[in-house]
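Chemist: Now for the letters of each chain:
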Amino acid sequence: MGILLFLSSGLFLGWSLGANDAANVFGTAVGTRMVKFRVAAIICSVFIILGAVISGSGAAHTLGRLGAVNTLAGSFTVALAAALTTFWMTRLNMPVSTSQSIVGAIIGWNLYSDSVTDGASLTRIIGTWITCPLLTGVVAVLLFIFARWLIGVTRPHLLRLDWGTRLGLLIAGALGSYSLGANNIANVMGVFVPDNPFTDISLFGLVSFTGTQQLFLLGAIAIAVGVFTYSERVMRTVGGGLVRLSPVPALVVVLAQSITLFLFASERLENLLASHGLPTFPLVPVSSSQAVVGAIVGISLFKGAGLRYRVLGKISLGWLATPILAGVVSFFLLFFVDNVFDQKVNRSVLYSFDGVVAEELFRLDIMDPGLGKFTGGEFTNAVSLKRDLERSTDLAPGQVTRVMELAQVDKWVIDPDVIAQEVDSHWLTRSQMDALRTLSGQEYRHFWRFEQALAALTDEWLPRPRATVNKIWNKSLDKKLEFLERVFQVEENGPRGGN
Amino acid sequence: MPLFKTSRSVEAKIEGFFDTVAEGGLVFRGGVRAYIEGDTPAFDKAIVNIDELEKRADTLSQEVETHLYSHSLIPEHRGDVLGLLENTDDIIDTAKSCLYQFSIERPDIPQEFHKGFLRLAESGYEAVEAVICSGRAFFKDVRAVKDTLYKVHHFEQEADDVGERLKGSIFASDLDLARKIHLRYFVMNVDKVSDQAKGVADRLAIYTIKRMI
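Respectively, the protein sequence lines represent chains D and X. Under this note's numbering, the residues of the first sequence are numbered 1343 to 1841, in order. Under this note's numbering, the residues of the second sequence are numbered 99 to 311, in order.
Next comes chain X alone, as it looks inside the complex:
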């Protein structure tokens, strides 16, 4: 059954795609931690890893897109699925771009803000992990999507709170304005990962309603 084989292959590619993005979330968290802790070899490894993962995610999402169109699979949900994959792919793109900014600009983060940055990266990772669970559920058990969707909102909110507090602390410190602005920019960049996860979650909520009708 060629069609069955294609379906199984696309199914595996979608799973692989989610695995890759979830791994990207882990690498992102590890990379931020390595940078904060000054572990340069670990940070460099994270840069290499996220680069590979981002490329793999791109390839997988393109392959899924090609298969869905060329075999006219899931015509009813094809647009939604491709939108979901594209937006999920943006998460790993954002994570990669964030780590690259750390690598290029090498911000000097004072010890007192380390904890805040680590917490921010952790919340971002948690949001990514939750949205990946929701994404998988969209394919396998659509009713379970909402069970994890609220977690994404929770961690995104947590990241926003941590970010706001961190920015407040940065601007309340004695650092000069240029450094303050530079650090704020990094707070916003790390926070972007959870924002991106929330964007995917918002779309998923709509796609899920469409699937359940």
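Only chain D is shown next, with the shape it has when bound in the complex:
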């Protein structure tokens, strides 16, 4: 199967995302008839495309969540499962979180490929169902009280209030669409970046348009087509299905969603506050789909307006069903693609407890008498290895994960051509880039050995001490290393990603 066929499931996922998630930014505006669907769809599409191309693909390092899936056929199937789930929910007019259907589909892949599912993903999903709507609901009520007070004080003319609300809805919708494009394009197209069929083009030598930007533009167009062709019904559910909203509360809902996402999910804000010695907001898992519904419910309960509990129940059931359904669909599709089309949907990962690993464990002071039985052994099933480690040793959960990371074996070749073509020199610091170039031609069996080699050359490849101010640096470092792990990994018969 060619890359274009694989791309099709990414495009389908993009289409589903557009069809469902556009309701989070323009649902209340369209539902209250403040903005016509056509206008909303045009603005939403334009800003999604701008967000995806400008902010989503600034550098070729955005792999997205699907990056965890280690073959292209696997990514294709996982994206297809997520897209099918989102599409089905959209058909039922239900606002669901596309991210959750992606995470659900990845869990399906984990189960199929005997990979370990990160417990944090599950906690995150459940946390998003509860904390996110609660927080947004409270923020929406506070904002609504403020809006009511402000209108009482300023007493704007009905038409001026209408104009201001409409403008607010359009601006908030445009900005929301921009961030929708910027944040989600990686989930839609990020996984195809290493196998990108597009090449860089330059328009009259003035504007350069990278291959990634072209790929992301394609994904963004798929999202935009989703917005145009299928998002109206979900928009109407969000804007009028739960409760009959009036325009000012409609704007309050959109603002409450943005404020909650900004206050409780922005590490940048946390870092900024911490660096000035100010108290920070606790970071909690939030999702725009859950946030919008939380805000609407919050305002309705505060005003005592007739909330349609049947619709609310249906939406909540949809949230529950999305990751589960995506996981089940993903598992069966993987089985089908693997056995019927004979496509490799996962690459088995080898864990070897060789001498280097033993030395490193000793250096890190991760010692347990139970580890002795693993020494010299090789394992291919991550789930059973994890279970064995937990049974045979008294290691803490974090230590078990670390042991598995250290024991993981693969082949990484620091190919100078890959450095030149795939690594964005603007993304890495000068010292980081120099260190990488120094290691050109080297081969590694354990990725952490490569990490250590980089750190030995410059401190800039070393994580900084755990502190809120260093969070962004460390997260960025993790992303860079994750990217390097992916691009330099080779299979026995060639580079990663081949069929």
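In case anyone wonders, no lab produced these hints; they're calculated from the structure. Hints are not guaranteed to be accurate.
Now the in silico label distances, taken between C-beta atoms and shown as ranges [said to hold, decoys possible]:
hint	chain 1	residue 1	chain 2	residue 2	range
1	X	Thr157	D	Leu1476	49 to 57 Å
2	D	Leu1611	X	Ser107	40 to 48 Å
3	D	Arg1490	X	Asp156	32 to 40 Å
4	D	Leu1611	X	Asp156	51 to 59 Å
5	X	Ser107	D	Lys1378	15 to 23 Å
6	X	Gly114	D	Ser1350	55 to 63 Å
7	D	Val1388	X	Glu184	35 to 43 Å
8	D	Arg1490	X	Ser107	22 to 30 Å
9	D	Lys1378	X	Glu184	46 to 54 Å
10	D	Ala1462	X	Ala110	56 to 64 Å
11	D	Leu1434	X	Thr157	47 to 55 Å
Ideal Cβ positions, reconstructed from N, Cα and C, are used throughout, including at glycine.
Following the hints, put chain X in place on chain D, whose structure we already have.
Modeler: Frame of chain D, contents of chain X only:
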């Protein structure tokens, strides 16, 4: 910002509409007074004025309606606003029709009833003025609507009382029955203006509750 311009233009048209109806109330009161006092040139001028004002009010309300629909303005309150304008427009229509009846039928009003008719027209005018204030407040400061709404009811009640008393006096007089019935018909016509204002006030009360939710 074309939308902002449209909003400002509609806002100005609504203000112009209320000004026109309020002026119509003034012309109505002046016209009745001129007729009672036998000032024919002033009455004829009032007829011409109210005709122009009624046409202007019609044009303005139609323009507002067109703009509200074509630019999808105030979707939540569009129906209420159009209902309000339509009913307010009926006030000036009623006032015009009343003055035209005076002009066509030329009722002979005995001196003893002059004061009653003038008082009736005055109450009608006061009710119109109060309802116009409420109408403006509906757009600018919805909480202030009820501050003037009670005045409409007060003046409408006053007009009803004056009308009843006037009708009683007419039928207690020595006039022949045909004249009595003719005068009663005019009492009812002049009184209709305040009734129309009350109708608008009743609707406004509901629209205001809807706006405040």
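Chemist: Against each hint, give a clear statement of whether it holds in the structure.
Modeler: Here is what the structure says about each hint:
1. Thr157(X) and Leu1476(D) have their C-beta atoms about 53 Å apart, which keeps the hinted 49 to 57 Å range intact.
2. A beta carbon spacing of about 42 Å between Leu1611(D) and Ser107(X) agrees with the range 40 to 48 Å that was offered as a hint.
3. In this structure the supplied range 32 to 40 Å holds for Arg1490(D) paired with Asp156(X), their Cβ-Cβ distance being about 36 Å.
4. Checked against the hint of 51 to 59 Å, the C-beta distance between Leu1611(D) and Asp156(X) comes to roughly 56 Å, which is consistent with it.
5. For Ser107(X) paired with Lys1378(D), a C-beta distance near 20 Å keeps the hint of 15 to 23 Å intact.
6. Between Gly114(X) and Ser1350(D) the Cβ separation comes to about 59 Å, which falls inside the hinted range of 55 to 63 Å.
7. Under the hint 35 to 43 Å, the C-beta atoms of Val1388(D) and Glu184(X), about 39 Å apart, fit the expected range.
8. At roughly 28 Å, the beta carbons of Arg1490(D) and Ser107(X) sit within the given window of 22 to 30 Å.
9. For Lys1378(D) paired with Glu184(X), a C-beta distance near 25 Å fails the hint of 46 to 54 Å.
10. Between Ala1462(D) and Ala110(X) the beta carbons are some 59 Å apart, a value that agrees with the proposed interval 56 to 64 Å.
11. Taking 47 to 55 Å as the suggested C-beta distance range, the pair Leu1434(D) and Thr157(X) conforms, at roughly 49 Å.
In this structure, only the earlier hint numbered 9 is contradicted, and the remaining ones agree with it.
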